[in-house]
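Asks: Sequence:
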Amino acid sequence: VNTVRLRENGPLAVHAEIVLDGETSYRATLCRCGASENKPFCDGSHNKSGFAATGEPQLKDTPALEARNGPLKVTPTTNGPLKLEGNLEIVTGTGHTVDRTQRAFLCRCGHSANKPFCDGTHKKVGFVG
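Position one of the sequence shown corresponds to residue 1 (the working numbering), numbered consecutively onward.
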């Protein structure tokens, strides 16, 4: 099962057949606070920056996917969100399903009012990454 787990006040924990920059891996911890010096990966900067984001956002009522695995392409857009393409379940820190989808744009600037999803705020705050 391809999952993105939302860590309370912390990063995105991705477990999938991740394809990122032409490399394949099976686990990645991705920054969502915007402060990492190693974007798109988490370097623990959320601890120093005071980043706050719930690990338990509002749940969506979404149907099960036909397939729950397969490659998950992760693309950090220029100065914008993470674009995820492939079968994906976004889950809370306690394991509740937030969304099941085949495409998502997840905030990585740390300022979206709709975390974990991008709402375009990166443009207003001048996010670079």
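Where hints are given, some of them may not hold.
Simulated pairs of lysine-lysine, DSBU-like, Cα-Cα distance not exceeding 30 Å [claimed, not checked]:
no. : residue 1 : residue 2
1   : Lys83     : Lys73
2   : Lys73     : Lys60
3   : Lys39     : Lys123
4   : Lys83     : Lys60
5   : Lys115    : Lys60
6   : Lys83     : Lys48
7   : Lys48     : Lys124
8   : Lys123    : Lys83
9   : Lys60     : Lys123
10  : Lys73     : Lys123
11  : Lys115    : Lys73
12  : Lys83     : Lys124
13  : Lys124    : Lys39
14  : Lys123    : Lys48
15  : Lys83     : Lys39
Everything labelled a hint here was simulated from the structure, so no lab data went into it.
Asks: Which of the numbered hints above does this structure break?
Replies: none
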